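S.K.: Here are the chains, one letter per residue:
2 protein chains.
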Amino acid sequence: MQISNYIQQSFQVNYAYRVFFSDHIFEPTNTQLAAWLREQASPHYRKRLLVVADDGVWQSHPYLQAQVSAYFQAVKEVELAPEIIVIPGGEACKNDEALFFRLVDAIDKYAIDRHSFVIGIGGGSVLDLVGFAAAVSHRGVRHIRIPTTVLSQNDSGVGVKNGINFKGKKNFLGAFAPPAAVFNDAHFLTTLDARDWRAGMVEAVKVALIKDAAFFEWMEGAATALAARDMDAMQKLVFRCAELHMQHIGGGGDPFESGSSRPLDFGHWSAHKLEQLTNFSLRHGEAVSIGIALDSVYANLIGWLDKPSMERILHLLQQMGLPLYHPLLDMQAGATSPVIKGLEEFREHLGGRLTICLLKAIGQGAEINDMDVTLLQQAGDILKQLTVVSQ
Amino acid sequence: MQISNYIQQSFQVNYAYRVFFSDHIFEPTNTQLAAWLREQASPHYRKRLLVVADDGVWQSHPYLQAQVSAYFQAVKEVELAPEIIVIPGGEACKNDEALFFRLVDAIDKYAIDRHSFVIGIGGGSVLDLVGFAAAVSHRGVRHIRIPTTVLSQNDSGVGVKNGINFKGKKNFLGAFAPPAAVFNDAHFLTTLDARDWRAGMVEAVKVALIKDAAFFEWMEGAATALAARDMDAMQKLVFRCAELHMQHIGGGGDPFESGSSRPLDFGHWSAHKLEQLTNFSLRHGEAVSIGIALDSVYANLIGWLDKPSMERILHLLQQMGLPLYHPLLDMQAGATSPVIKGLEEFREHLGGRLTICLLKAIGQGAEINDMDVTLLQQAGDILKQLTVVSQ
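Each protein sequence line maps, in turn, to chains C and B. According to UniProt numbering, the first sequence is numbered sequentially starting from 1. According to UniProt numbering, the second sequence is numbered sequentially starting from 1.
By construction, these hints were calculated from the structure, which means they are not laboratory data. None of these values were measured; they are calculated from a predicted model. Zero decoy hints are in this set.
When chains are identical, the list treats them as one kind, so a pair holds in a single copy or across two.
With a straight-line cut-off of 30 Å between C-alpha atoms, the simulated BS3-like cross-links for lysine-lysine are:
no.	residue 1	residue 2
1	LYS47	LYS167
2	LYS170	LYS109
3	LYS170	LYS47
4	LYS47	LYS169
5	LYS109	LYS167
6	LYS161	LYS47
7	LYS341	LYS47
Starting from the given sequences, assemble the full structure and let the hints guide the process.
M.R.: Right under this line is the structure:
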């Protein structure tokens, strides 16, 4: 028998899922989700469902608990677990290790195996937690996402990332685990508060800026309607934004981010620092709006982005009711802003080399490996002046 | 702007890694591991290494701690974390949630990012724990496996599964995460105790029985040498067994086991129950040996496997010093053996339908969806008689 120095292993894993768009998905007459579940049915295996819901959604839609139970019980091909687990939403749920173990416990208790599904209903944080608990149970129970915010319907909920925080480090524990399916229900958006409605739009601005000038122009035209909570305009925004994110993940050749390129993180390096420094009193989307403004002014200062384009970006964000500036961008006691100082921390986080997406033009992002802190401080000062003038 | 009912996502993820064979890999003159690390080096990112070692290995090879540190410090392209983490080996380490969090903590503390590597040195349990901690940190830090037992070098260590136990449920928490590379060092096998040396061979018997009659025949010829701890024969066994496992994972079309077929679990359904009922006082390989014996006799009883083939299987296991029988296979107070009763539990575990691999012939496994408990009890009784006679 012959042996050699090494054996080479190589294989591919295929992933596929659909993101559906509808509204009132749990109305008995809406068959979209039921039809999908029936498609998955097998004569050989009982498919059980465990529903985990965001407490805030339950409160905004008090009829929903009964409706959800009735809806799933009417699908004879699946078996709903006797308990729906209701958990607090928002970033806090990702800080609570006990909540993670509560979900793993429930997956065990209700015999949710790899033929079954965990269904998360809620904002991005709840979906991140639910997806992670499912991903590591039995080495990968499948999960269905029902995102209830603009941000989760057009960005985080349609992608492949799941995770929780660990000792205050955002998403330190997590997994790349594509959902089995995503159901975007526009009706959930009607009860969002004004800040969440607005903040969710920023990821559409972001992805348009780096990939799709026509979408950016469409948003300029629709900005007034979007700010006035026009649902038709919002559904279009959510659809196109989700589509661009999904195309990037599926078509970029690196869905699980083994490389260093993260164009979808445009505007995010300073946003993450702002969120942390404000103890998450800024919404993620608000922080990203400021981050996009900062990096757009910076791109203009280094000669990448022309001034009219920069002004169009700042104007659109303002029309959407989104902030461009925060006092933490100011120099503090003569030293660089703590947000801008965060650049060095971000470089460390990336493993020693910056890779940041900046704009060459509207619809055209490109990577840069260095940013000048003095110029960044100047960009921050420009945003302060603009904001003071416009007030 | 047009929108539709759904967006279809689909993409592939490619995985590749090498399993190397050598001995004394941490001797300064052995360049295999150093060369691999240099291959991975990048001018842009510092690659840090965190080593997690099995206490038992450290005790059997007291020179190793200094040698490992010196070896990695000599590779200028990487940066060894200032601490080597030594943990207890064996199944117990997978039951200890605190140990999991200790590893995650160390990954955080020593800034092990997605350009860096966690290196596990130890038996299968340590590697399962280390691989899982790495897999969920930063949504996937890469890990290198240095398996130190026959079982981990020819089976668990060369595959894609990682995990820990949760509330006594084996591998309840886990992830499919291929290693970045595996380094099999034959020298570690020289210090194994007799039970571990023997028990590790059973996975080679298993995979030969379902896939490769020639390998089975080779083992029949080498059985005396293998039992007498002939290292040349053992290296051949480990290599071919690893190769067959890797071919199955890479070539089977379902590396992350999304389907129901698990031919590599041949002999394992009763083995898992035996391990549990004996509180892991039986080695995994010993339990699998009994499981293979039971399912081989059963296959003969239902007319799948001819009697001479069945006898060859039992004979080879015996020549290797492996057990064929355990008193828990007996009827207890007139009722079916608790091991055999475990079949129903296993069916539940699979989601309601049995899929079990049995032998049609040596080298030819096939699936069956039903097993007769009365015939299984009869198979257990036959093994008892054989064992009593042969003693």
